[in-house]
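K.L.:
As a plain string of letters, each chain reads:
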Amino acid sequence: MHIFLHYVLLVVGSALVNNFVLHRFLGICPFLGVSKSTDTAVGMGMAVIFVMTLASFVVWLINYYLLLPYGLVYLQTIVFILVIASLVQLVEMIIQRVSPPLYQALGIYLPLITTNCAVLGVAILNIQLKYDLLEACVFALGASVGFGLALVIFSGMRENLELSDVPGAFKGTPIALITAGILSLAFMGFSGLVK
Amino acid sequence: MLDAVFVIGGVGFLAALVLGIAAVTFAVKPDPKEAEVLDLLPGANCGACGYAGCAAFAHALVQDPDTPMACTAVDADTAQRISSLLGRELDVAGPMVASVRCMGSKDSAGSRFSYVGPMDCRAAQLVAGGYKACGYGCLGLGTCEAVCPFDAIHMGADGLPEVVLERCTGCGTCVDACPRGIIRLVPKDALVELRCVSLDSPKVMKGACDIGCIKCMLCVNVCPFDAIDVLDNGGPPVIDQDKCHRCSLCVDVCPRGVIDIYRVPQKVRIVEDRCIGCSICDQVCPFDAISGEPKGVYVVDLDRCRGCGLCVDKCPKDAIVRVGDA
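Taken in order, these protein sequences are the chains called A and B.
Per the working numbering, the very first residue in the first sequence carries number 1; after that it's consecutive.
Per the working numbering, the very first residue in the second sequence carries number 1; after that it's consecutive.
Label-pair ranges, simulated between beta-carbon atoms:
#1 B:Arg122 x A:Pro101: 37 to 47 angstroms
#2 B:Ala56 x A:Glu162: 24 to 34 angstroms
#3 A:Cys117 x B:Lys188: 50 to 60 angstroms
#4 A:Pro167 x B:Pro202: 47 to 57 angstroms
#5 B:Gly47 x A:Val166: 24 to 34 angstroms
#6 B:Leu85 x A:Pro101: 21 to 31 angstroms
#7 A:Asp165 x B:Phe13: 52 to 62 angstroms
Here are some chain A residues the structure puts well away from chain B; computed CB gaps all over 10 angstroms:
#8 Cys29
#9 Val42
#10 Ile127
#11 Met188
Since the hints were made in silico from the structure, they are not lab data.
Think of the CB as a built atom: it goes at the ideal place given N, C-alpha and C, for glycine as much as any other residue.
Isolated chain A, as found in the complex (with noise of 0.2 angstroms):
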């Protein structure tokens, strides 16, 4: 039981307290850029948690069965930046032939996913806070997870905006900037709820 309640506070801590976007600013480029509407927001949710999760698995193994025996751990993030690439390409192609559907919902989000800081920071988050495999996989899940619900609550946020009748200067950009800054206030009222 407390095992189990620990990878729960695990997950609710990076997915809501430590919110990657809201709180620790990675991936804010797809944050303002998928943005506008919530079929892509969720499109775009789905293809982080999967490459996320996936990712941070692989990048473990990398990280301590080749990297540190060799003593090479400055090579981190050249290393995580390739691997992570090589293996969104490689999930593209897998799913593009097993399952055209989901290839088809994924979109031109899966491949944009090679770029995104998010995933690798992640990956060097899990080295930095010396977690286990394991943990290392549901902190990835609960970060993409809190990716994806940041994603989805702007989005809804946007598409209210597109109606609302915003001072010219503010148009576009500009107030979706500070409706972040207001959506990522909000978030901090989480802090303190896992240490």
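Guided by the hints, dock chain B onto chain A, whose structure is given.
P.N.:
Relative to the frame of chain A, chain B by itself:
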């Protein structure tokens, strides 16, 4: 140092190897037919077919046997080749071209006020219904030129758009863009067009434009084929392109010069050794251009012939041909 090189190189090599194997193992072979159909389509992605682009249309054509041949930009020959690729008959609409139905240039139709704003007809139309003296005429700011995906419309020096018939594919993009509904699609071989859409009375028209149709009915009365008709909406007469024989009598009779013919048809001549003197052509000619003695050889008076081609269709011996044809 060497470790680093080997590890990075190894990881890179391994990733490349896995990706290479995956590319072969999980390759999704696109239907080669789709690529061939796509090659035949114009590739301008104009959207006239209703699909997102030529690739999407090619996909639909190959995958769904019920897809109609909605592309307006392919010629009959190409459409035929696509049909044979797909192994089914495609209904191909005759080629259409855009026709601009206004001749009120800057000089002939004035302005009600001077317009300052975006140089786009759609924007100008929003300001008090457009600045042009005629409420129906071309605003001349070139929106149709800007939206044409085939570079087939150009603004002339007189401020009116000119359609380049060779390039126009009849996709209809300009038809949708024109805020005044002046452009319409006509069959490419329908070559006579009354270029005015004004519903104004003759009096108002005379005040607004030097050239617009004043509904004088001269063209309706002169047409030997009953191809010109008046609708009860008060607008200009309408030319029925199925009945019209491009004799261009109406073009000549119009006092405002607003009826236009794209391409004057060739006149006809009689091949002497085929003519048997049956006199059918003489009887059928609306212009009295053919004369001769029965049982003799008939001749065409080229001054009177207007190239309507009635006699060509009627001659039982195929003895009448267009001037210039063998």
